[in-house]
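Trainee: Single-letter residue listing:
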Amino acid sequence: MSLETFLITLEAFGVVAFALSGVIEAARKHFDLVGVVMVAAITAFGGGTLRDVLLDRRPFFWVEQEFWVWALIAVAFALPFFFRARHLKLTEKAMLIPDAFGLGIFAAGGTHIALSTGASPLISVIMGVITAVIGGVLRDVLVNEVPRAFHDHQPYAVLAFTGGWVVVLLSYLGTPKSFDVLAGAVLIIVLRLLAVRFGWELRRWNFL
Amino acid sequence: MSLETFLITLEAFGVVAFALSGVIEAARKHFDLVGVVMVAAITAFGGGTLRDVLLDRRPFFWVEQEFWVWALIAVAFALPFFFRARHLKLTEKAMLIPDAFGLGIFAAGGTHIALSTGASPLISVIMGVITAVIGGVLRDVLVNEVPRAFHDHQPYAVLAFTGGWVVVLLSYLGTPKSFDVLAGAVLIIVLRLLAVRFGWELRRWNFL
Amino acid sequence: MSLETFLITLEAFGVVAFALSGVIEAARKHFDLVGVVMVAAITAFGGGTLRDVLLDRRPFFWVEQEFWVWALIAVAFALPFFFRARHLKLTEKAMLIPDAFGLGIFAAGGTHIALSTGASPLISVIMGVITAVIGGVLRDVLVNEVPRAFHDHQPYAVLAFTGGWVVVLLSYLGTPKSFDVLAGAVLIIVLRLLAVRFGWELRRWNFL
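Chains as they are written, first to last, in the working numbering: chain A, 1 to 208; chain B, 209 to 416; chain C, 417 to 624.
Calculated from the structure, these hints are not laboratory results.
Fair warning: there could be bad hints in the mix.
[Claimed, not checked] Derived DEER-like restraints, expressed as beta-carbon distance ranges:
#, chain 1, residue 1, chain 2, residue 2, range
1, C, VAL602, A, ARG57, 35 to 41 Å
2, B, GLU353, A, PHE179, 43 to 49 Å
3, A, ALA183, B, ALA282, 57 to 63 Å
4, C, ALA501, B, ARG292, 51 to 57 Å
5, C, SER532, A, ARG57, 52 to 58 Å
6, B, ASP264, C, TYR588, 52 to 58 Å
7, B, PHE275, A, GLY174, 35 to 41 Å
8, B, THR299, A, GLU145, 26 to 32 Å
9, A, ALA183, C, ALA494, 30 to 36 Å
10, B, SER328, A, ASP56, 19 to 25 Å
[Said to hold, decoys possible] In the DSSO-like style, the derived pairs of lysine-lysine whose C-alpha atoms are separated by at most 30 Å in a straight line are:
#, chain 1, residue 1, chain 2, residue 2
11, B, LYS237, A, LYS29
12, C, LYS509, C, LYS445
13, B, LYS237, C, LYS593
14, A, LYS93, A, LYS29
15, C, LYS593, A, LYS93
16, A, LYS29, C, LYS509
17, B, LYS237, C, LYS445
18, B, LYS301, B, LYS237
19, B, LYS301, A, LYS29
From the three backbone atoms N, C-alpha and C, an ideal C-beta is built for every residue, glycine too.
Given only the sequences and the hints, what does the whole structure look like? Please build it.
Mentor: Here it is in C-alpha cells:
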C-alpha cells in the first residue's frame, strides 16, 4: 500500500470515528435526524477543513474523496436505528471511545500533513492539535456545552500535542512515514483510552 | 437583465432577509444596537463568506458590492425604531419569515455558484446548504441557543438540500441559469413557509 | 525602528493582552490548564487569523513569528501560579483592562494591514473590527457565554469602528504610518478604559 493510500484510509477511519461521536452526542441532545447528520459532518470534517484553510491546501479531503461524504450521510442516518434495535444506551462514555480514535488519527495525520507542506515542527504539531480538537470543540459548541476539551480536567489536547511531537521526532529518524503516523496515532489512542478508563486527571488548580 | 446582475440582486435580497432575521433575534435577546448590527451582519454574510473561503473564491460578495454593507448598517440601525413605532411584536414567528427567504435564496444561489466553479453535484449541493444554513447557525450560537436548524424537528436544512438538487437537475436540462436558481429558491421558500405555517415535523425518533 | 518592526511589536503586545484576557476568563470558569492555554491562544490569534484568511494573506502572524507562540504557551502556564502567589482576584474587571489594550491595538493594526493590501476604507475598517472583536467573541462562545461585545450595552465594537476611521483619515494626511496606527490604538484604548471606569452606556432601547 502506498503512503498516500495509507494516509487516506487512516483519515477515513478518523472521519468515521468523529462522525460516530457526533451522532451519539447529537442523539443524546434529541436533535432531529438532519441535525444529527449535520453535527456528525461538522465534527468529522471541521478540524481537517480548518487545517486545510490555514495551510491553504486544496482540494479538501471531503471534496477529493466524495465517497466518504456519501458514506457519512448513510451511516449517520442508519446508526440511530441500529442503536435502537440493539437497545444500546448512548451514554457519554460510549461517545468517548470513537472520540479517542478520531483524536489520535487526526492529531498524528494532521501533524504529518503540515510537516510535508514544509511547516516548522511547532506549527505542524499545532496544526495536528487543531485538526484533532476543533471538530470536537465545534460539536460541543453546537450542542451548547462548554467544550469538553477545555474543562474536563482530563488529558485530551495535551495528548494530541504529545503525539504530534512523536511524529515530528520520528520524521527525523528516517522511519517510514506511515510508521511515524501510525505510531503517533496509536500512542495517543492508547493513552486517551487509559485516561478515560482510569479517570486520569490533569493537576487541578483553583484560585478564585 | 444579465445573469450576473440577476444573481447579485437575488443574493442581495437573501442578505437583507437574513440580516432582518438577525436583527429580530438579537433584539429579542436585548442585545445593544452595535450587537444587533453585528449579529445581523454575521447572519447575512457568514454563510456566503464561508462558502467563498471553502471554494477559494475572491473577492467576497460584501467586498465587491460594498453598497450592501452600508445598506445593512443603515437598515439594522433603523429597523428597531421602525418596529417600535409600529408597535410590531418581535415574536419568534416573525423571525421565521425572512429566514425562509434567506434559506431559499442562499441555498439555490450557493449551489449555482459552486456548480459554476466546476464542483461536483454533491459538493455543490453541500456548498448551497452551507451558504444557507451557516449564517443562521452562527446567529443562534451567538445568542447562546442550540442552533434551530439542528433540533427543531422541522424541515430546514433538508429543504436546502432538496432545492439544491433541483438546481443541479435543472442545470442539465439547458434551462436558463437564472430560471434554475429562481425555481430552486421559490421551491424552498414555499415549502419552508408551509412547514412553518402547518407545523410539519420530521419523523421523531427517541432512543435514550 | 522600521515600520514593519514597529507593527510586529505592536501586534505582539496585542496578542499578549488578549491572551491575558483569555487566561483570566478561562481560569474564572475553572477550565483546566490545557483549556486555559487553548482559550488564551484562540482569543489572541483568532481575530488576526480570520482577518488574514479573509484577506488571503499568508503566512499568518503566528506562523511567521513563532517565538510568540512559545511565549504565549509559557505565559499561559505561568500566569495562574503568578496570580495565585500574589493572591490576586481574577474579577471580571481585571479581564477588561488587557482586553481594552487588545481591542485598540488590533483594531488600529488590522485597519492599517487591510489598507496596505489595497482594500477600500470601509472594508479596511471592518477588517479592523473583525481583528479586534472576533478573538473576544470566540473566547466568550467557548466559555459558553453570550459575547460581551454584543450585549453589554457599553461601547466596544463601536470604538474599534471609530478608531479604524481615524487610522483611515490619518492615512490621507501623510503622517507616518506608525503614528497613524499608534494614534488610533491609543484613542480606542483610552476611550474603552474610560467607558469601563465610568460605566458609559450605549443608548438603551427596548421594544418587546
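Trainee: Taking the hints in turn, state whether each one holds.
Mentor: Do the hints match the structure? See the list:
1. C/VAL602 / A/ARG57: 35 to 41 Å: Since C/VAL602 and A/ARG57 have Cβ atoms about 39 Å apart, the given range 35 to 41 Å holds.
2. B/GLU353 / A/PHE179: 43 to 49 Å: Distance hint for B/GLU353, A/PHE179 holds at roughly 46 Å.
3. A/ALA183 / B/ALA282: 57 to 63 Å: This hint holds: roughly 58 Å between Cβ atoms.
4. C/ALA501 / B/ARG292: 51 to 57 Å: For B/ARG292 against C/ALA501, whose Cβ atoms are near 53 Å apart, the range 51 to 57 Å holds.
5. C/SER532 / A/ARG57: 52 to 58 Å: The hint (52 to 58 Å, Cβ to Cβ) is violated, given that C/SER532 and A/ARG57 are roughly 26 Å apart.
6. B/ASP264 / C/TYR588: 52 to 58 Å: violated (33 Å)
7. B/PHE275 / A/GLY174: 35 to 41 Å: violated (58 Å)
8. B/THR299 / A/GLU145: 26 to 32 Å: Holds, at about 28 Å.
9. A/ALA183 / C/ALA494: 30 to 36 Å: For A/ALA183 and C/ALA494 the Cβ distance comes to about 32 Å; the hint holds.
10. B/SER328 / A/ASP56: 19 to 25 Å: Roughly 22 Å apart at Cβ, these two residues keep to the hinted range, so it holds.
11. B/LYS237 / A/LYS29: It holds: about 23 Å lies between the C-alpha atoms, which stays within 30 Å.
12. C/LYS509 / C/LYS445: holds (15 Å)
13. B/LYS237 / C/LYS593: Given that 30 Å is the threshold and the Cα spacing comes to 41 Å, the pair is violated.
14. A/LYS93 / A/LYS29: Holds, because 15 Å separates the two Cα atoms, which is no more than 30 Å.
15. C/LYS593 / A/LYS93: violated (56 Å)
16. A/LYS29 / C/LYS509: violated (35 Å)
17. B/LYS237 / C/LYS445: OK: B/LYS237 and C/LYS445 at ~23 Å, within 30 Å.
18. B/LYS301 / B/LYS237: holds (15 Å)
19. B/LYS301 / A/LYS29: holds (24 Å)
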